[in-house]
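Use the sequences and the hints to build the structure in full.
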Amino acid sequence: MNKSETSAYIDEPDLVERLKKGQQWAFNVLVNKYQSRLLKVAYGITLDREDSLEVVQDVFVSVFKNIQNFRQDASLATWLRKITINHCLNWKRKWKRRFKWSHDSIESENDKNLFRENTKSNDPARLYEGKLFEENIMRAIKTLPEKTRLVLVLNAFEGLSYEEIAKTLNIKKGTVSSRLHIARKNLINSLDMND
Amino acid sequence: MKKPCSKYSSEDINRFVDNELPRDRYHELARHLHHCSDCSLLIEQYESISIVFSDHADQQKLKIDPARLKQRFDRILQNSQKKSLKNAFGFFGRNIYLKLASITAILMISLFTFQGGLFDPAGPSAIVKSVDTEFASVMIIETQKEKHTIIWFSET
Numbered sequence: 001m002n003k004s005e006t007s008a009y010i011d012e013p014d015l016v017e018r019l020k021k022g023q024q025w026a027f028n029v030l031v032n033k034y035q036s037r038l039l040k041v042a043y044g045i046t047l048d049r050e051d052s053l054e055v056v057q058d059v060f061v062s063v064f065k066n067i068q069n070f071r072q073d074a075s076l077a078t079w080l081r082k083i084t085i086n087h088c089l090n091w092k093r094k095w096k097r098r099f100k101w102s103h104d105s106i107e108s109e110n111d112k113n114l115f116r117e118n119t120k121s122n123d124p125a126r127l128y129e130g131k132l133f134e135e136n137i138m139r140a141i142k143t144l145p146e147k148t149r150l151v152l153v154l155n156a157f158e159g160l161s162y163e164e165i166a167k168t169l170n171i172k173k174g175t176v177s178s179r180l181h182i183a184r185k186n187l188i189n190s191l192d193m194n195d
Numbered sequence: 001m002k003k004p005c006s007k008y009s010s011e012d013i014n015r016f017v018d019n020e021l022p023r024d025r026y027h028e029l030a031r032h033l034h035h036c037s038d039c040s041l042l043i044e045q046y047e048s049i050s051i052v053f054s055d056h057a058d059q060q061k062l063k064i065d066p067a068r069l070k071q072r073f074d075r076i077l078q079n080s081q082k083k084s085l086k087n088a089f090g091f092f093g094r095n096i097y098l099k100l101a102s103i104t105a106i107l108m109i110s111l112f113t114f115q116g117g118l119f120d121p122a123g124p125s126a127i128v129k130s131v132d133t134e135f136a137s138v139m140i141i142e143t144q145k146e147k148h149t150i151i152w153f154s155e156t
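Line by line, the protein sequences give chains A and B. In terms of the numbering used here, the first sequence opens at residue 1 and continues consecutively. In terms of the numbering used here, the second sequence opens at residue 1 and continues consecutively.
Be aware that one or more of the hints could be misleading.
Straight-line distance between alpha carbons at most 25 Å, and here's what the computed BS3-like set of lysine-lysine pairs gives [to be verified]:
id, chain 1, residue 1, chain 2, residue 2
1, A, K185, B, K82
2, A, K65, B, K82
3, A, K173, A, K142
4, B, K7, A, K65
It should be emphasised that the hints constitute simulated quantities derived from the structure, not laboratory data.
Have a look at this one:
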């Protein structure tokens, strides 16, 4: 059995042990296993392809450097998610300081992908409707305050409960509920305004 | 925005979507949905936000460049190797006692060298000739190492 085959069967404690021993192969397993999940979270927060790639790369580098500090109180996925969120927020703050953050990446880069999902349907009217809906939602999501969008990302992408989100972000459960409520209400309102 | 009916608030709908309502309230609202199109529509709208947002992120098909990441890992490894070598041998590593002992030894060697007492041969230089008269004494001395001649004169 080669290493790529065994990587599918490696359990978390074993993986962590190998990571702590500095085995390069274990880091490859870690990257393959978690990159798409972390990239999705990073994209949800930054809403920028390049930024999310940079952030997640930094996350893995940071894990590579600090794996000895991982005490295994929480799962590896939880630890990685937390690092990703922190990196995203720091990244955003960094760029905000450099006046970069105001650029509009949704229309330029992402419009190419808007129709992709709707290729299942051949009806042009439905395709157009779907594209418009997605476009409007994404435009509205971009205007959400960072804190509110962060809660939405953890809810929509990671499927976390209010309690888990509260724990991750160090906020109250009630705050999670109200932020999600505000996010959804604002998004639906902005869609109504576009109609 | 489509408002829910008077029986439930949009906050209730929000928590229903996330399965965060108390159990009895959840089932009550679920039954209510069979005959309330307003609440059903709002639930549909709330759910569609998460679906569209999540799908949109999936469509980006993001993937890390493994070669670039490996390069960064290798750089860290190289730096840590350099660092550990420096720690091991840079001024005798991390042993503070060894450092103190080294400094003391250097200070002592410098002191004795300065005074000329550590490595120079001990004892006086050789007296080649000595003459004593009533009025004066003369001594011819030759240094041991450099073989310099010193003439020492003294009136008595």
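A quick look at each hint next to the structure:
| no. | hint | result |
| --- | --- | --- |
| 1 | K185(A) x K82(B) | violated (55 Å) |
| 2 | K65(A) x K82(B) | holds (15 Å) |
| 3 | K173(A) x K142(A) | holds (24 Å) |
| 4 | K7(B) x K65(A) | violated (54 Å) |
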